[in-house]
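Trainee: Sequence:
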Amino acid sequence: MRLNKMATLPEYTDGCFTLYDIVDRDGERKIKARNMRPVWFRDIAVYDRTRITFEQADKEVTMKIRIPKWSGISSNCVCLIDGVQHKVYNKADVLSSQGYMETELTLVNPSMDYEVVEE
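In this note's numbering, each residue's number is its place in the sequence shown (first place is 1) plus 1498.
Any given hint might turn out to be false.
Cut-off 35 Å, straight-line C-alpha distance, at most; resulting in silico cross-link-like pairs (DSBU-like, lysine-lysine) [as the list claims (entries may be wrong)]:
| # | residue 1 | residue 2 |
| --- | --- | --- |
| 1 | K1557 | K1530 |
| 2 | K1557 | K1589 |
| 3 | K1562 | K1528 |
| 4 | K1589 | K1567 |
| 5 | K1562 | K1530 |
| 6 | K1530 | K1567 |
| 7 | K1589 | K1528 |
| 8 | K1562 | K1589 |
| 9 | K1530 | K1589 |
| 10 | K1557 | K1528 |
| 11 | K1528 | K1567 |
| 12 | K1567 | K1557 |
Simulated DEER-style distance windows between Cβ atoms [what the hints assert, rightly or not]:
| # | residue 1 | residue 2 | range |
| --- | --- | --- | --- |
| 13 | G1513 | V1615 | 31 to 37 Å |
| 14 | A1590 | D1524 | 22 to 28 Å |
| 15 | N1588 | D1522 | 19 to 25 Å |
These aren't lab readings, by the way, just hints derived from the structure by calculation.
Just so you know, even glycine gets a beta-carbon here, dropped at the ideal spot from N, CA and C.
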């Protein structure tokens, strides 16, 4: 009997973030915490071509990260990583080389610093 090579579980050890939703409060855009548990991520490379494309659109890519598959994230979210706000620009569900579904997030500098709403 031939044994298949064991798959390696993905590791998310590069950092963690707290996810916030962008909401309208009294005519102002603020952020409200959605999930207070930290979400661990793995940093991935941002290629020069991607940076150039975003710079032409006046956007600065701050990070690209991967997390376990999560369908509840959209471009209407902000990730707080080490006290710095990063707006979700794009979300893509991808299949890792080990065969696990993951969510890849492209994060950019937000156009403004959002005030945090406590509820």
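Trainee: Each hint needs a verdict: does it hold in this structure or not?
Mentor: Hints, one by one, checked against the model:
1. For the hint pairing K1557 with K1530, the CA-to-CA distance comes to about 23 Å; that is within 35 Å, so the pair holds.
2. Our distance criterion of 35 Å between C-alpha atoms is met by K1557 and K1589, whose separation comes to about 16 Å.
3. Only pairs whose Cα atoms come within 35 Å are accepted, and K1562 paired with K1528 is accepted, the gap being roughly 23 Å.
4. Between K1589 and K1567 the CA atoms are separated by roughly 10 Å; this keeps the pair inside 35 Å, and the hint holds.
5. Restraint check: the Cα-Cα separation between K1562 and K1530 comes to about 22 Å, which is no more than 35 Å; the hinted pair holds.
6. Between K1530 and K1567, the direct Cα distance comes to roughly 22 Å. Compliance with the 35 Å bound is thereby established for this hinted pair.
7. A hinted pair counts as satisfied when its Cα atoms are at most 35 Å apart, and K1589 with K1528 qualifies at roughly 21 Å.
8. Straight-line distance between C-alpha atoms of K1562 and K1589 comes to about 10 Å, which keeps the hinted pair within the 35 Å bound.
9. Between K1530 and K1589, the direct Cα distance comes to roughly 20 Å. Compliance with the 35 Å bound is thereby established for this hinted pair.
10. Pair hint K1557 plus K1528 holds up; C-alpha atoms about 20 Å apart against a cutoff of 35 Å.
11. Taking the CA atoms of K1528 and K1567, the gap is near 26 Å; set against the 35 Å cutoff, the hint holds.
12. Of the pairs offered as hints, the one joining K1567 and K1557 holds, with about 25 Å between alpha carbons and a cut-off of 35 Å not exceeded.
13. Checking the proposed 31 to 37 Å range against G1513 and V1615 shows it is violated: the Cβ atoms sit about 24 Å from each other.
14. A hinted range of 22 to 28 Å is violated for the C-beta pair A1590 and D1524, which are about 34 Å apart.
15. Checked against the hint of 19 to 25 Å, the C-beta distance between N1588 and D1522 comes to roughly 22 Å, which is consistent with it.
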